[in-house]
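The residues making up each chain are set out below.
2 protein chains.
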Amino acid sequence: MSAISVQTPWVLVVTVYDCSKGGNMKTMKLGMTALSLAVGLGLGGVAMQAGAADAPTLSKDDFEKAKTLYFQRCAGCHGVLRKGATGKNLEPENTMKLGQDRLERIITLGTEGGMNNFDDIMPKEDISLLATYIQMDPPKPPEMSLALMKERTKVYVDPKDYPAKPLHDRNWENFFLVIERDVGKVAVVDGDKHEIVAHIDTGYAVHVIKALEHSTVSKAENPGRFWYTMGRDGKLNKIDLWQTPDKMLVAETQIAYDARDVAISGDGKYVVGGAYWPPHFVIVDAMTMEPLKVVSSRGVNVDGDYVEESRVAAVYDTPNETSWLVSMKELGQMWQVDYSDIDNLRIEKIDSAKFLHDGFFDPTGRYFQIAANASNKMVVVDTKERKLEAMIDVGKLPHPGPGANWNDPKCGPVGGTTHLGEGTVTVWGNDPAGHPDQAWKVCYTVETDGPGLFIRTHPNSQYVWADQTKHPEPEVQQTIQVFDKDTHEIVKSIRITDKPGYAAVHTEFNADGTEVWVSVWNRKDSKEPNGEIVIFDAKTLEEKGRIKGFYAPTGKFNVHNRVEHVT
Amino acid sequence: MSAISVQTPWVLVVTVYDCSKGGNMKTMKLGMTALSLAVGLGLGGVAMQAGAADAPTLSKDDFEKAKTLYFQRCAGCHGVLRKGATGKNLEPENTMKLGQDRLERIITLGTEGGMNNFDDIMPKEDISLLATYIQMDPPKPPEMSLALMKERTKVYVDPKDYPAKPLHDRNWENFFLVIERDVGKVAVVDGDKHEIVAHIDTGYAVHVIKALEHSTVSKAENPGRFWYTMGRDGKLNKIDLWQTPDKMLVAETQIAYDARDVAISGDGKYVVGGAYWPPHFVIVDAMTMEPLKVVSSRGVNVDGDYVEESRVAAVYDTPNETSWLVSMKELGQMWQVDYSDIDNLRIEKIDSAKFLHDGFFDPTGRYFQIAANASNKMVVVDTKERKLEAMIDVGKLPHPGPGANWNDPKCGPVGGTTHLGEGTVTVWGNDPAGHPDQAWKVCYTVETDGPGLFIRTHPNSQYVWADQTKHPEPEVQQTIQVFDKDTHEIVKSIRITDKPGYAAVHTEFNADGTEVWVSVWNRKDSKEPNGEIVIFDAKTLEEKGRIKGFYAPTGKFNVHNRVEHVT
Chain S
1 MSAISVQTPW VLVVTVYDCS KGGNMKTMKL GMTALSLAVG LGLGGVAMQA
51 GAADAPTLSK DDFEKAKTLY FQRCAGCHGV LRKGATGKNL EPENTMKLGQ
101 DRLERIITLG TEGGMNNFDD IMPKEDISLL ATYIQMDPPK PPEMSLALMK
151 ERTKVYVDPK DYPAKPLHDR NWENFFLVIE RDVGKVAVVD GDKHEIVAHI
201 DTGYAVHVIK ALEHSTVSKA ENPGRFWYTM GRDGKLNKID LWQTPDKMLV
251 AETQIAYDAR DVAISGDGKY VVGGAYWPPH FVIVDAMTME PLKVVSSRGV
301 NVDGDYVEES RVAAVYDTPN ETSWLVSMKE LGQMWQVDYS DIDNLRIEKI
351 DSAKFLHDGF FDPTGRYFQI AANASNKMVV VDTKERKLEA MIDVGKLPHP
401 GPGANWNDPK CGPVGGTTHL GEGTVTVWGN DPAGHPDQAW KVCYTVETDG
451 PGLFIRTHPN SQYVWADQTK HPEPEVQQTI QVFDKDTHEI VKSIRITDKP
501 GYAAVHTEFN ADGTEVWVSV WNRKDSKEPN GEIVIFDAKT LEEKGRIKGF
551 YAPTGKFNVH NRVEHVT
Chain C
1 MSAISVQTPW VLVVTVYDCS KGGNMKTMKL GMTALSLAVG LGLGGVAMQA
51 GAADAPTLSK DDFEKAKTLY FQRCAGCHGV LRKGATGKNL EPENTMKLGQ
101 DRLERIITLG TEGGMNNFDD IMPKEDISLL ATYIQMDPPK PPEMSLALMK
151 ERTKVYVDPK DYPAKPLHDR NWENFFLVIE RDVGKVAVVD GDKHEIVAHI
201 DTGYAVHVIK ALEHSTVSKA ENPGRFWYTM GRDGKLNKID LWQTPDKMLV
251 AETQIAYDAR DVAISGDGKY VVGGAYWPPH FVIVDAMTME PLKVVSSRGV
301 NVDGDYVEES RVAAVYDTPN ETSWLVSMKE LGQMWQVDYS DIDNLRIEKI
351 DSAKFLHDGF FDPTGRYFQI AANASNKMVV VDTKERKLEA MIDVGKLPHP
401 GPGANWNDPK CGPVGGTTHL GEGTVTVWGN DPAGHPDQAW KVCYTVETDG
451 PGLFIRTHPN SQYVWADQTK HPEPEVQQTI QVFDKDTHEI VKSIRITDKP
501 GYAAVHTEFN ADGTEVWVSV WNRKDSKEPN GEIVIFDAKT LEEKGRIKGF
551 YAPTGKFNVH NRVEHVT
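Same order as they appear, the protein sequences are chains S and C. First residue of the first sequence? That's 1 in UniProt numbering, and the numbers climb one at a time after it. First residue of the second sequence? That's 1 in UniProt numbering, and the numbers climb one at a time after it.
If we strip away everything but chain S, and leave its shape as in the complex, we get:
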């Protein structure tokens, strides 16, 4: 084969070493225009060109737009290098077999397997751009050094100026922090007065918000006034709920280009941020927000294959040990990282199953229960022994979000999860000390109308709430279901909106468990303040009222419940 064959005055075939595939040669056919455009692209310029012979191309502007859309809507499940995880592999060798039309149809309508439908929130031309983009080779993002992270650290309020007591007389311990996804804000809401107190600028599409729980330090030492938000863009923001609304954002840094989770050390000294790209986690000074140490998460998975895009999913403080649990999504490993001496960093690399995503502790705080979604398992880690405790077979693509623990008349203490892949809630025993026969075995399942993202309850409530956000049909997507802890029967299905392109997502109880808050997620016009939170009476299950004026509200975090580890 000749390296360069002039087929028309403007078309040439060049063979390029494509690094994203670890070294295979790829033929690219490019018209003069396409090649000229490649130049300006910088990162990923030629990756854009390096598809198969008949790979589609995009103009520079369309490529950049598609890259951004992909990052915001697709990378979470499919990966920036598109090797797949929660979602399918989207490398050209797979996507090109499907072709433009089929890909557009899938993006438009979604699939029962957990793929969202985007017809209600994305214009046809964006869907078409994405369908083309995923048939081209993925551009590889750059690394990020500790030095760059330090440069991107900003202090808005000097720690020495932190107030000694709240500068407002609201009941901040019943505040809710609400993610306003697409505008990169977090709303602070007064849970007593049902009023929005502030919209705080954070990173884009904050995934999780955490404060130190009281399991390890006294309320006096750390009253949970400080909250930390992790944006998908790797921005890590620190919020002080004792400040006046205009001053609540006290510091920020950036630890990655793509990130998800954050946790605080039990001693209150450190914050750890988990990143998707670059694949690493970063230990940050919890007071000053100065990044201190970067640990790469690139590694070899439980099958013995090297994974370049080895992403960090859930990150949690272990209530009873001086450590964090850092979930290695693609590796299928839980890393228990001890923060008591970060210069001699101790890590247990606990083998489990792929792909680890989101989890929650049992009521004792000893066992962490996390979804291995591609394996349809809940993985249980014993944080005391720092080893794998059990793996429980559950439904298709488990996704508990913040999860739920309660007491079952038969099985005793149990935990439960919703699933991305089916309309089922699976409930298992999680009390090996008191109920060894039921421990880590499925106690029962509840059939719901559709796959969901989040399950939640409260010790003072008789009910468990599950959303169905992943179902493609609006009437199901907009309906939340409630079942009884004793009868296991669904006692109520509540449609909280019927607006096209709006969905019901995520429940959170207030501090005393008398109210349940559910989000009306205005996905279609997510940058408008048309989102709502619907408040239900936790006993009667009747609607008590609505708080309006949110920008695409999704996850909600009640200060008391999260800080006191109430699930």
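The reader is advised that the hints may include incorrect statements.
[Unchecked claim] Some, not all, of what chain S presents toward chain C, calculated at C-beta under 7 Å:
1. E143
2. S145
3. R298
4. G304
5. Y306
6. D343
7. N344
8. L345
9. I347
10. D537
It should be emphasised that the hints constitute simulated quantities derived from the structure, not laboratory data. Using N, Cα and C, we set each Cβ at its ideal position, and we do this for glycine too.
Starting from the known structure of chain S, fit chain C onto it as the hints suggest.
Frame of chain S, contents of chain C only:
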């Protein structure tokens, strides 16, 4: 800038995304011929082209030849991606400044800084090829999966057929295993009879040979009959000294494409192999040689920068703990890896200094003393506390090899190292319990005539031996120096050969310490059996005799001394 500008009918400028640099664009100017050649290259095809505008090119055959030469002679110090470590960075942005002539001169004559001279062992045309090759972008080698390693595992003698007692009546506990570098063999030598027993096929340029030491298991459990060799090509071979010479090679596997060290677990269950490329270490079943687990060593160095080519240098069993020490050369970290539960693998990542290379234990087996050569330090790890103990400033580019411990009249127990970068032996106190004031402080230094690789002694000897193999002058390179443990004076300089292209390297005592063995390394004709081992009387320092017929003998390992941890 235009992507493609026809400057002559045959020359074009294309901008390529060069992955080996983490994403910067590089301009390449290529003639038709050069570009045609790129096609056939596969791995590294266009990397070869992606140099600066006036980058030199090589024919496909010359490129492949240069790649092999570079791997065999240069990669060890400079890295396959040429980012530098013990040796300088050799990426085009640096090498092209020097240019072809200067590069050829450096390769020919070497430098005082530790760079070898190759004029005596490499033809001019090879030197010229290398000088050109290092001005071109380095090709990136592939990954290696656990599955592939398993495929490459071969059993020559089934463990159930291992003999219950030696099948020969030689005194195998005074055998020497001698590395025959360039022919990929290890010679087994009878230390009593001064006879070569066997030349065993191993990997290429075996770097280290190890057996289980008796510090952790009884002689009965594991008499040190089994030896493990690690080749530079990643071949890991198992030798049984109880077998007849033709059957001594009992099993092998391959854990990498480029590797250095190996260690056995204290319980005798596992062997761990440390690799340069892919950057990882591999845990292997010590009986069957089946690879069990791969752990990536890619990571973030002590400066906070991600290192793709993060190589594993020295790997040692910790005599008193259920762990190995795995040195992360470029990261500047020692990883203490606990093998007691490899499914929940515990690792302490101990920060120290760059670039970690070779080390040895103190006499108690608690402290590991390892060279951080780019920092001119000896790093001391406390394997009991699993943390950094101390860092000692020594000379330029310390390199102790197997190292030496002895007692000093003033400082008590001491350790010593030679240096790649200067003719000095540095000696420090290493007994914090008995001599806290001298511990981890330099006790004295001895000036030698030239930089060397190895230092060695024996409890029954009054003397310490240091080679000078890194000195460019033949008369120094061929001379070994001996100094007195009490007076610190050099008592003898012994030139063991005057043949051009031959060097003196590496000393090892026999079991009872009455003899000292030194290699005549026939570097020039290393694939001929012209190498010798010169045997000296350890007391009189007079030559006792020579064993001839070795292929480039370098490192020597006496069974008793290594297995009983005699240094």
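We went through each hint and held it up to the structure:
| no. | hint | in the structure |
| --- | --- | --- |
| 1 | E143 | holds, 5 Å |
| 2 | S145 | holds, 5 Å |
| 3 | R298 | holds, 5 Å |
| 4 | G304 | holds, 3 Å |
| 5 | Y306 | holds, 5 Å |
| 6 | D343 | holds, 5 Å |
| 7 | N344 | holds, 4 Å |
| 8 | L345 | holds, 5 Å |
| 9 | I347 | holds, 5 Å |
| 10 | D537 | violated, 46 Å |
Taken one by one, the earlier hints fail for this structure only at number 10.
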